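Given only the sequences and the hints, what does the whole structure look like? Please build it.
Keeping their order, the protein sequence lines are chains A and B.
Just so you know, this note's numbering puts 7 at position 7 of the first sequence, and the rest follows in order with no gaps.
Add 1000 to a position in the second sequence, counting from 1, and you land on the number used in this note's numbering.
Since the hints were made in silico from the structure, they are not lab data.
On a predicted model such as this, the values are computed, not experimentally measured, just so you know.
Misleading hints may appear alongside valid ones.
In silico BS3-like cross-links for lysine-lysine, where the CA-CA straight-line distance does not exceed 30 Å [said to hold, decoys possible]:
1) B:Lys1041 - A:Lys73
2) A:Lys96 - A:Lys73
3) B:Lys1020 - A:Lys108
Cβ-to-Cβ under 8 Å is the rule here; a few derived chain A residues that face chain B [as the list claims (entries may be wrong)]:
4) Tyr33
5) Phe64
6) Phe91
7) Gly109
8) Ile110
All C-beta atoms, glycine included, are put in the ideal place defined by N, C-alpha and C.
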Amino acid sequence: AQTVTQSQPEMSVQEAETVTLSCTYDTSESNYYLFWYKQPPSRQMILVIRQEAYKQQNATENRFSVNFQKAAKSFSLKISDSQLGDTAMYFCAFMKHSGANSKLTFGKGITLSVRP
Amino acid sequence: GAVVSQHPSWVICKSGTSVKIECRSLDFQATTMFWYRQFPKQSLMLMATSNEGSKATYEQGVEKDKFLINHASLTLSTLTVTSAHPEDSSFYICSASEGYGELFFGEGSRLTVL
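Shown next, in the form of structure tokens:
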């Protein structure tokens, strides 16, 4: 079974600064996906970034980037130039690479507050 | 990205009644859909995996007779909370897969049982 650990329940960052959210996972799979999802107060789940385990290059989406350390099973999210709209709950998630039945395993989430 | 729509977004019902929540994939066919439950400030808890044309697979501890799931077509899955009680009040979210390593989420449905 897979587990995803987000040990920080809350973080706060000043607007325009950079913040890193940590995530570790445990799996015996060799091929999988890792995700960061954002859940703002509207509670709509929004995909922030996706990483395929077989790719060594860290994924990047505009102000969002990851530090994927496969050997250490670590998958942290860096948010640069934080904006007020980044205030949300963020979930790290794992998915096995095995077709349409693959389910997501979520971490407990972290509440990020961006201060003006 | 693909769009998944949930309806209703908020429902209030009396204790003992049944409530149906729909999850539709609007622009793709979803052979598999997932239903989650989420309490405030907590993570999403997977309740069941819904496969088109077959019985749903429930996670351990989820009552299949309480939470009925029907995936009658490639674009529609429904969750029926039967004989709802106040402890069933929660936020229910569905997601659907195209099968390419990404899930698309509905907007969620808030259930309040009085």
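Right, here's what the structure says about each hint:
1. B:Lys1041 - A:Lys73: 25 Å, holds
2. A:Lys96 - A:Lys73: Measuring from Cα to Cα gives roughly 14 Å; hence the hint holds.
3. B:Lys1020 - A:Lys108: 27 Å, holds
4. Tyr33: Holds: closest Cβ of chain B sits about 5 Å from Tyr33 (chain A), inside 8 Å.
5. Phe64: 16 Å, violated
6. Phe91: 6 Å, holds
7. Gly109: This interface hint holds because 5 Å falls under the 8 Å limit.
8. Ile110: 10 Å, violated
In this structure, the earlier hints numbered 5 and 8 are contradicted, and the remaining ones agree with it.
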